[in-house]
Amino acid sequence: MSSPREILDLLEENARYTTEDLAHMTEFTEDEVENIVTQFEDAGVITGYQAVVNWDALETDGERVRATVELNVALDRETNYGDIADRIAKFPEVTSLRLVSGDYDFDLTVEGDSMREVSHFISDKIAPIPEITQTVTHYIMESYKEQGMSFDDRDDDDRLSVSP
Amino acid sequence: MTLEPADRVDAVPPSGIRRFFELAEEMDDIISLGVGEPDFSAPWAAREAAITSLERGQTSYTANKGKRKLRERIARFESAQHGLDYDPDEEMVVTAGASEGLDLAFRALLNPGDTLAVAQPCYVSYVPGATFAGVDVLDMQTRVEDEFKLTREVLEQSGAAEADALVYCYPNNPTGATMTGDELREVAAFCREHDLAVFADEIYADLTYEHDHTSIASLPGMRERTVVFNGFSKAFAMTGFRLGYAMGPEEAITAMNRIHQYTMLSAPTTAQHAAIEALDSCLDEVDEMTAQYDRRRNYVLSRFDEMGLDCFPAAGAFYAFPECPWDDAGEFAESLLQEEKVAVVPGSAFGEGGDGHLRISYATGLDDLKTAMNRLESFIA
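Chains as they are written, first to last, in this note's numbering: chain A, 1 to 164; chain B, 165 to 545.
Wrong hints could be hidden among the right ones.
[Said to hold, decoys possible] Cross-link-like lysine to aspartate or glutamate pairs, in silico, EDC-like; alpha carbons within 20 Å at most:
hint : chain 1 : residue 1 : chain 2 : residue 2
1    : A       : Lys-125   : A       : Glu-70
2    : B       : Lys-505   : A       : Asp-157
3    : A       : Lys-90    : A       : Glu-117
4    : A       : Lys-145   : A       : Glu-111
5    : B       : Lys-233   : B       : Glu-414
6    : B       : Lys-505   : A       : Asp-158
[What the hints assert, rightly or not] With beta-carbon atoms standing in for the labels, derived distance ranges:
hint : chain 1 : residue 1 : chain 2 : residue 2 : range
7    : A       : Ala-15    : B       : Glu-415   : 56 to 64 Å
8    : A       : Glu-146   : B       : Ile-215   : 23 to 31 Å
9    : A       : Val-45    : B       : Glu-414   : 50 to 58 Å
10   : B       : Arg-356   : A       : Tyr-144   : 53 to 61 Å
11   : B       : Gly-404   : A       : Ala-57    : 24 to 32 Å
12   : B       : Glu-212   : A       : Pro-128   : 44 to 52 Å
13   : A       : Gln-134   : B       : Gly-404   : 47 to 55 Å
14   : B       : Asp-251   : A       : Ala-15    : 48 to 56 Å
15   : A       : Tyr-144   : B       : Asp-303   : 51 to 59 Å
16   : B       : Asp-251   : A       : Glu-30    : 52 to 60 Å
17   : B       : Arg-211   : A       : Met-1     : 31 to 39 Å
18   : B       : Arg-539   : A       : Ala-57    : 21 to 29 Å
[Stated by the list, open to error] Not the full set, but computed from the structure, chain A residues with beta-carbon under 8 Å of chain B:
hint : residue
19   : Asp-157
20   : Arg-159
21   : Leu-160
22   : Ser-161
23   : Val-162
24   : Ser-163
25   : Pro-164
Hint data in this document are derived by calculation from the structure and do not stem from the laboratory. C-beta atoms are modelled at their ideal positions from N, C-alpha and C, and glycine is treated no differently.
Only chain A is shown next, with the shape it has when bound in the complex (with noise of 0.2 Å):
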């Protein structure tokens, strides 16, 4: 028997997966799939749609630069996790941040066209709000998985075409 979360697992999958594909693969008409995922939507379960891209794999001039930040920060009575969170957030060059347990506070991760633009934007917009008290940049040199997408060569299906 179907059920919702099927449907979240699909296009966890596939995002592109239409309407009507995931009426083919699951117990739930058109109709019903159009309902689920706008109720999924609109609890905010399903916050967007993107595709996991292979920048390394694009054949331009251009560097896309990307670098994981730890972030040490010290709270105060009138600060918590969540203000500074909110403040950081807002940078459209922080693509992911999340609060971690261990040696630091926050993870960012940060995007830029090139190593200087990402070293000023953490040196200038970041490192000097006041309740940060450290940050280590790694810049990233290569993905090899991203969003639980592999990005080596798909090894080619070497299965016989046809067999009994």
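Given the coordinates of chain A, work out where chain B should sit on it, guided by the hints.
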């Protein structure tokens, strides 16, 4: 003497659709729905265990029956999964694929001149295997109106009462048909009444979508007359590891092992290490792959319905077996391949009973499946 094929080899004709296979192999960029194996790779943990075993130099023969640890794991798995309890020491042999197990059973448990009743359409190796063993074959054609299930009527009408043994595969390749416990009870009663041994090929047992698999060996009075075959190829997507097993009464397994120990000696050692890990830690991945197949099955059956292509609701394995819109399924498959670059297998490849049908494997990614279905739709429009 010259190196001419022996009579029993000559008696097995080459596949009737060999030309079609060759054609498919020559063409580039085809989308194949003709492949009888998963498109997933074996679970990584199993592959890792195989690599580790090689790094540790575990490259010698194992016990003829297979590593004790593997047999224990299989016994535990079969008990939990299918309610079958077999002694890993005396009632089990690990083989190079379930196919080797079936070959051993035909040769070790049947005498030349005995009759093996074969439920068709069926996996292509049963009839040649019986011929190689010098065993006579009794064709039993299951019918689309029975959803390709083996019924008492089919058994009676085909004269199976006179046979010595019966071989079948449910969930079935090529039809995707399954049998419920109640339906198997009828078959079991017939086999007890007429004293038939049963070779139950359960290689697709864990790929069922509508109801859980029932093994005939779990039914009253059947354990002592049944050999069950299973393996890691389908559910665990480990076809290339070539690892299967057979379970049955001690006497039968001892006889089968007698041939096995002189021919195969032992199943591939590296594969046995992988299989132990597969049983220990990869059952969740089997569930995930099964869920994927189920979605693909729904997709394919739903598209057939829209195209007006009759197909009974295949409920197991990863095949659908729709009726072919042309009289000659071989011609249809060949034209579909040449004009639309989609490979499907004509049902006749699996015996006379498959005539007029197409075997469509949905062990292919959904994107390719979608393109293939679109092409099929425009081809038959």
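Verification of the hints:
| no. | hint | verdict |
| --- | --- | --- |
| 1 | A:Lys-125 <-> A:Glu-70 | 15 Å, holds |
| 2 | B:Lys-505 <-> A:Asp-157 | 16 Å, holds |
| 3 | A:Lys-90 <-> A:Glu-117 | 17 Å, holds |
| 4 | A:Lys-145 <-> A:Glu-111 | 17 Å, holds |
| 5 | B:Lys-233 <-> B:Glu-414 | 19 Å, holds |
| 6 | B:Lys-505 <-> A:Asp-158 | 17 Å, holds |
| 7 | A:Ala-15 <-> B:Glu-415: 56 to 64 Å | 58 Å, holds |
| 8 | A:Glu-146 <-> B:Ile-215: 23 to 31 Å | 26 Å, holds |
| 9 | A:Val-45 <-> B:Glu-414: 50 to 58 Å | 56 Å, holds |
| 10 | B:Arg-356 <-> A:Tyr-144: 53 to 61 Å | 58 Å, holds |
| 11 | B:Gly-404 <-> A:Ala-57: 24 to 32 Å | 29 Å, holds |
| 12 | B:Glu-212 <-> A:Pro-128: 44 to 52 Å | 47 Å, holds |
| 13 | A:Gln-134 <-> B:Gly-404: 47 to 55 Å | 51 Å, holds |
| 14 | B:Asp-251 <-> A:Ala-15: 48 to 56 Å | 51 Å, holds |
| 15 | A:Tyr-144 <-> B:Asp-303: 51 to 59 Å | 53 Å, holds |
| 16 | B:Asp-251 <-> A:Glu-30: 52 to 60 Å | 53 Å, holds |
| 17 | B:Arg-211 <-> A:Met-1: 31 to 39 Å | 34 Å, holds |
| 18 | B:Arg-539 <-> A:Ala-57: 21 to 29 Å | 28 Å, holds |
| 19 | Asp-157 | 7 Å, holds |
| 20 | Arg-159 | 5 Å, holds |
| 21 | Leu-160 | 6 Å, holds |
| 22 | Ser-161 | 4 Å, holds |
| 23 | Val-162 | 4 Å, holds |
| 24 | Ser-163 | 5 Å, holds |
| 25 | Pro-164 | 4 Å, holds |
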